[in-house]
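Protein sequence lines correspond, in order, to chains A and B.
Per my numbering, the first sequence runs over residues 1 to 251.
Per my numbering, the second sequence runs over residues 1001 to 1260.
Among the hints, a few may not be true.
[What the hints assert, rightly or not] Calculated cross-link-like contacts (lysine-lysine; reagent style BS3-like; alpha-carbon spacing at most 27 Å): (1) K70(A) - K1088(B); (2) K12(A) - K1169(B); (3) K239(A) - K1088(B); (4) K12(A) - K1254(B); (5) K21(A) - K1254(B); (6) K117(A) - K179(A); (7) K141(A) - K1088(B).
[What the hints assert, rightly or not] From the structure, some residues in chain B lie toward chain A, with a derived Cβ separation under 7 Å: (8) D1053; (9) R1092; (10) S1100.
No wet-lab data here; the hints were simulated from the structure.
All C-beta atoms in this analysis are idealised placements derived from N, C-alpha and C, irrespective of residue type, glycine included.
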Amino acid sequence: MQALSVSNLTKKYASGTEALKGVSLEIPEGDFFALLGPNGAGKTTLIGIATGLVNKTGGTVSVFGYDIDKNPEEAKAQLGLVGQELNFNPFEKPFDIVVNQAGYYGIPRSKAIPRAKQLLEDLGLGEKMYQSGLTLSGGMKRRLMIARALVHEPRFLILDEPTAGVDVELRRSMWDYLKKLTAGGLTVLLTTHYLEEAEQLASHVAIINKGEIAAQGSMQEILAMHDGSESKDGYRGGKLEEVFLMLTSDK
Amino acid sequence: MNNYRRWISFYTMVRRDVVRMFRIWVQTFLPSVVTSVLYFLVFGTVLGSRIGDMQGVPYMTFVVPGLVMLSIVTTSYSNTSFTFFSSKFFARSIDEILVSPTPPWVMIAGFIGGGLIRGLLTGAIVLLVSVFFTELSLSVHSALIILGFALLTCLVFALAGLVNGIYAKSIDGINLVPTFVLTPLVYLGGVFYSVHSLPAWWQAITYANPLFYLINGFRYGFLGTADVSLWISVAILGTMIVVLVSINWYLIRKGLGLRQ
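One chain only, chain A, in its complex shape (with noise of 0.2 Å):
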């Protein structure tokens, strides 16, 4: 089964932008997928029409079999997004946001309670839990995000740059708490600007570039692009990053 299954899928703005030109790809159930892309690229765009929050100009979108235009509603009870922009009311508590994001899952409050403390708890937020937003920091508050999505138990989870501004070892604790819920079966989507990250974590890339995918498969299979060469002069980094600029880059 695959969690993801994006076909021929465009997007042109009103503006006049094309941020998506005929993308396919799939994410199979259980994967750690990395979309990696430049700024600008249509990562964001695609991740937006696969959780409802941009409409899409053609193409097909499903989420575990489910078609976004024919399934809306069971095809969103499979999602939990951490979006690239804070989007929650910084003057309710954290408590109170996690509750209430069960609620529009359809969660009642008597189960809602006690799985949003645990998640706050697990993800060190619980002292914070009943204090207003605007006291958290700027880790806490990605933190809470994270909560807020796993609250309603998604079976796919989307990671859209979760880790920006997000200090070392905070950003750690984060991966080492989805490892553990990645092994549990959860398939994730993540895109991230730290390819050390994506190259330690996902199993499989799609590299996005000017909306078209550039390049995807298994991440032995990007990283075996690398032509092994190395540089004389100037920084060089990782692997995975010399393929992505390989592929991405305008020289």
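Fit chain B to the supplied structure of chain A, relying on the hints for placement.
Same frame as chain A, now just chain B:
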């Protein structure tokens, strides 16, 4: 998503809004009370004593239903327009609902529910305050008609506020309609006078004002007398509800102003 889950989603949206409005009660409930007290003092106590009777009742008694309706209209409208606009514009917390399986009609009902509750509560508070200014002599012809019209009016203006919230692209966008459309319609809809006291040409204009029919029906519930038939008021309210529900359903389903 089955109906039970849809109900939970609806309940969550309404509960969240009610918690918010009670948390900031000074901003949500108090202004209407203060405004109404001023109206009662100026139009009722000071000017009312000089005006005498209207439609066979003391002016103060005549003006109370209109002032209650004024508070209901403005609060139910502003509640949905502001709640929706702020959730899509300031914190973008509307995404929490958009990514969930909550269908468009439940989303509309959830936002409307908050406006309805705030409108009814504010109306009840203003009515309570008015009792002190009418020296506890406020007559009630039919509590059922009063409640029915209050409910339907809240519904109409909560729906209208939602349309405004969806279209608004800035904070000014949600203030323009109440200032330049709603307030004139309410003031010219017979809050402070009977339509029969107007010249013929002004009466004709008043009959084209939908707010006139709401105030007319609501006042009938208190006084038992009306400028036009109660059924005309009910028909106009019903038509407005059908039209506004259709517009909201279309806009939310299309994701206008919500989805790119």
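To see whether the hints hold, each was checked on the structure:
1. Of the supplied pair hints, the one linking K70(A) and K1088(B) holds, its CA atoms being roughly 25 Å apart against a limit of 27 Å.
2. Between K12(A) and K1169(B) the alpha-carbon distance is near 21 Å, which keeps this suggested pair within the 27 Å criterion.
3. Annotation: proposed proximity of K239(A) to K1088(B) is violated, straight-line Cα distance about 41 Å (limit 27 Å).
4. A distance of roughly 16 Å separates the Cα atoms of K12(A) and K1254(B); the hinted pair therefore holds under the 27 Å criterion.
5. Taken as a hint, the K21(A) and K1254(B) pair is honoured in the structure, with Cα atoms around 22 Å apart against an allowance of 27 Å.
6. Taking the CA atoms of K117(A) and K179(A), the gap is about 20 Å. The hint holds against a cut of 27 Å.
7. For a cut-off of 27 Å, the pair hint linking K141(A) to K1088(B) stands: about 19 Å separates their Cα positions.
8. Given hint, D1053(B) at the interface with chain A, is violated; its Cβ is 49 Å from that chain's nearest Cβ, farther than 7 Å.
9. For R1092(B), the suggested interface contact is upheld, since its CB lies about 4 Å from the closest CB of chain A, less than 7 Å.
10. Of the supplied interface hints, the one on S1100(B) holds, with its beta-carbon coming within about 4 Å of a beta-carbon of chain A, less than 7 Å.
Of the numbered hints stated above, those contradicted by the structure are hints 3 and 8, listed in ascending order.
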